[in-house]
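Q: Residue-level listing of the chains:
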Amino acid sequence: MSTVPHDHREPGGPVVDETSFEQKEVAGLSQGQIVRRRFRRHKGAMISVVVLILIVILAATSIGWGPIPHWWKWTYSETIPFVDDQSPTLKIWPFSNGFAWGDHPFGSDNEQGRDLFANVMRGTQQTLIVIVILGILATVIGVVIGALAGFYRGWVDSVLMRFTDLVITLPAILITAVLGFVFNASGVFVVAISLGLLSWTGLARLVRGEFLTLREREFVDAAKVAGASDARIIFKHILPNTVGVIVVNVTLLMGGGILSEAALSFLGFGIQYPDISLGSLISLYAGKMSFQPWLFIWPGVMIIVIVLAINFIGDGLRDAFDPRQKRIPKAKDLRRGAPEAATTSDAATA
Amino acid sequence: MLGSQTPTGISTEEHGTLLTFIIRRIIAGFFIVLGATFIAYILVANAGDPLTNARQLQDPAMRENMIKSLTTSLHLDVNPVARYFLWLRGIGGCFVGACDFGKNIQQGDVTSDLGTYMGTSLKLIFSAIALAIIIGLTVGIVTALKQYSGFDYAVTFLTFLFFSLPVFWVGIVLKDLVAIKFNNFLQAGAVFTTAWIVILALFFGLLAYSVQSAPFLRKLTIAAIVAAVVALLSWYISSTGWLLDPKLGIIVIAILSAAIAAGVTTLTAGLANKKALYSALSTAAVGVALYYPLLSFFHSGMNLWKLLLLLVIAIVVGIAVGYLWGGDDKALNARTGALTALGISIIIFIDRLMRAWYTYSNNPEIGGRPLATASPSTPNLVGDFWIQSLDTLTHLLLPTITLMLISVAGHSRYARASMLEVLNQDYIRTARSKGLTERTVIMRHAFRNALIPITTIIAFDISGLLGGAVVTERVYGWTAMGTLFQNGLQNTDPNPVMAFFLVNAILAVLCNMLADISYAALDPRIRVGS
Chain A
278 MSTVPHDHRE PGGPVVDETS FEQKEVAGLS QGQIVRRRFR RHKGAMISVV
328 VLILIVILAA TSIGWGPIPH WWKWTYSETI PFVDDQSPTL KIWPFSNGFA
378 WGDHPFGSDN EQGRDLFANV MRGTQQTLIV IVILGILATV IGVVIGALAG
428 FYRGWVDSVL MRFTDLVITL PAILITAVLG FVFNASGVFV VAISLGLLSW
478 TGLARLVRGE FLTLREREFV DAAKVAGASD ARIIFKHILP NTVGVIVVNV
528 TLLMGGGILS EAALSFLGFG IQYPDISLGS LISLYAGKMS FQPWLFIWPG
578 VMIIVIVLAI NFIGDGLRDA FDPRQKRIPK AKDLRRGAPE AATTSDAATA
Chain B
27 MLGSQTPTGI STEEHGTLLT FIIRRIIAGF FIVLGATFIA YILVANAGDP
77 LTNARQLQDP AMRENMIKSL TTSLHLDVNP VARYFLWLRG IGGCFVGACD
127 FGKNIQQGDV TSDLGTYMGT SLKLIFSAIA LAIIIGLTVG IVTALKQYSG
177 FDYAVTFLTF LFFSLPVFWV GIVLKDLVAI KFNNFLQAGA VFTTAWIVIL
227 ALFFGLLAYS VQSAPFLRKL TIAAIVAAVV ALLSWYISST GWLLDPKLGI
277 IVIAILSAAI AAGVTTLTAG LANKKALYSA LSTAAVGVAL YYPLLSFFHS
327 GMNLWKLLLL LVIAIVVGIA VGYLWGGDDK ALNARTGALT ALGISIIIFI
377 DRLMRAWYTY SNNPEIGGRP LATASPSTPN LVGDFWIQSL DTLTHLLLPT
427 ITLMLISVAG HSRYARASML EVLNQDYIRT ARSKGLTERT VIMRHAFRNA
477 LIPITTIIAF DISGLLGGAV VTERVYGWTA MGTLFQNGLQ NTDPNPVMAF
527 FLVNAILAVL CNMLADISYA ALDPRIRVGS
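Same order as they appear, the protein sequences are chains A and B.
Under the working numbering, the residues of the first sequence are numbered 278 to 627, in order.
Under the working numbering, the residues of the second sequence are numbered 27 to 556, in order.
This is chain A alone, in the form it adopts within the complex (with noise of 0.2 Å):
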């Protein structure tokens, strides 16, 4: 990547440098501030995050979760007793006159007595706890392998990378039904280890490059000679830098872990009945597709919008921490900056 400022020349206007531009605007802020202000400018990212703390507040006080009551009339264990139409009765603006919830908001299938919408928020509870399992799992086992075999390189390295190529191979089925035989369970928690067991294999494989190159960089020289130990310059000086790959990579694998479950469910090894995962719905429903479609399409929808959001907020974050990343600016963010620039340089020169 070259360093040389790029002129950006307006036919007939002042010459804007694009790289003064930028630096103008995070001149004199922390690094955490500036990825901050980064991050917030991502207009997707700052959706997709109200997005997913609404969806989260619905599905954990909906139906109750642990100590947090509930507030609607069924959850999803109840027998609903039989309804003439299974349609949604949830009336939203631009397809009807005002908001009401209705009896049964996503619909009811009274063949199993269900209320939908009941099941979809225990879908989403299950949901959210396979992303944090699957998320602080594969963070621990990613980064400390990566780390390990970076720093310390030579046979470490050929060891733990031979042994990631391996972890490659093996299919989350496969672990998800060893597992679930062999402690003779199955749900939500069999499922996100077996998920989070075999999904950090691209972290390690960043963060062992991440670590390559900044253990050459001066400061771990600086580090090593006043007398850290390798845990200290591996935990406390080489990992804060690479805090960024980790975070981002992280925000993406659990949204690809979200989809993983809901595979695993659908195939017939993830959770199963009497628990209930948005997977699993679909399987369930996915006969129903032609004759009540609201059955199939609500747990797709709620799967679809969860992953949506979270993908955008690690597009987001990796648009907030990646220093390499030039943003270049729109013809109309020159213009506003060019007087600016104008003046400063006037003022440097007199």
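If you're looking for bench data, these hints aren't it; they were derived computationally from the structure.
Fair warning: this is a prediction, and the values are worked out from it, not measured in the lab.
Treat each hint with caution, since some may be false.
Each computed BS3-like pair below joins lysine-lysine, with the alpha-carbon atoms no more than 30 Å apart [unchecked claim]: (1) B:K245 <-> A:K320; (2) B:K356 <-> B:K460; (3) B:K172 <-> B:K460; (4) B:K273 <-> B:K332; (5) A:K513 <-> A:K501; (6) B:K356 <-> A:K565; (7) B:K149 <-> B:K172; (8) B:K356 <-> A:K320; (9) B:K129 <-> B:K94; (10) A:K368 <-> A:K350; (11) B:K207 <-> B:K129; (12) A:K368 <-> B:K129.
Starting from the structure of chain A, add chain B where the hints point.
A: Positioned in the frame of chain A, the structure of chain B alone reads:
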């Protein structure tokens, strides 16, 4: 995932040439497969009791018999570690041409199952890979060149959406919305309503508008023309019932051939290069002239090999035409001719398939509902090569789309990023400043360099597709590799599971290796040796 994979498998302090690098990777890959199968075998051995079904038999004598025979055929009497080596000996037979993947719990032979299923699965996976690469690269490059256009924003949103779609959900939606609705539409006489024509025209008009970067009025005019053409075409298609019995005919083929010739030349040499343009046009003329002879040739006993041979001949003709035109750059002419020949061959092939469409969809086995939603092919279908090909294609279409969506999103995202990165390099500025045309800068300097990191992503992606294929096969009711694995796990049947796992592991290791090697081979800046 979005750019989460970068090739970091090559450490810079390794010494040796590319060849020793490859050999070392192959040896390492062999041991990884060995280790992975060992772990998997032990896991599968602990995943449940293969005798569960046998133990539930009512008749005690039969039960005893069943348990005894299963115990010997699955080697359940030895401990799992020793059993692994017995299994490995059977697999080792593959090197001398006598594979033995063991027996399943119905005493069936897993080896022969694997053979047939692998063909079906690989067909699906490779068509998904091919389509994903073509579509993903094209979209990615176009969005990079038209950065910040409406098209770019729309595609960016779509790629995010595709990334967030559960494969199985999309599969079911496509089955219902596309296959069933399209079949109904065909049975109702294939007539577009006015609303549909308007929607189609508007969609293509908007697309045309958003891709361009030109003054507003010019953009609007072109978009309006595109919309009008689409409206006229769809009206024609609807009123003549074209979709029930489609064909292109010599006139359309001639027009399309000329367009392909011009398009290929624009990309490879620029229309100003007369020799290249003439090579492409004369190749097109040869193709059109051979149209009727080919049709009669296609009638008598076609098969896949003859078809491939024809394709090779066509490309050779294209190269020859290019050389005959001569000029300063014969190789360029030859490339242009060959690419044109390829395009025209595809059109003629499609035309011939279209001519079989009517017979195919009115076949009693199909019953006027050609888009299939279950199984990899229609059982008991009688017909010539073209009917069979159509049958395969109609069955492949939706599963392939389902499977490739995520890959398309990944490839286009990555191609866009890679292209933008390259376009910002100094050597591109140098190329521009020495006065090269924009076409040369993009096709020769930027595009080729942008491809290097994409190869890596594609190689990684292939092993991921096998996992997606398990789900896709389930949605579309295909009996293939996924069934082998899934039923094996459900019935605690170790050998089919291991057969799937072995193929999966080999593919994963191989793709990983290919990614590293291609990266090292394509980019001389990556040091494998000193």
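Q: If you test the structure against every hint from before, which numbers come out violated?
A: 6, 7, 8, 11, 12
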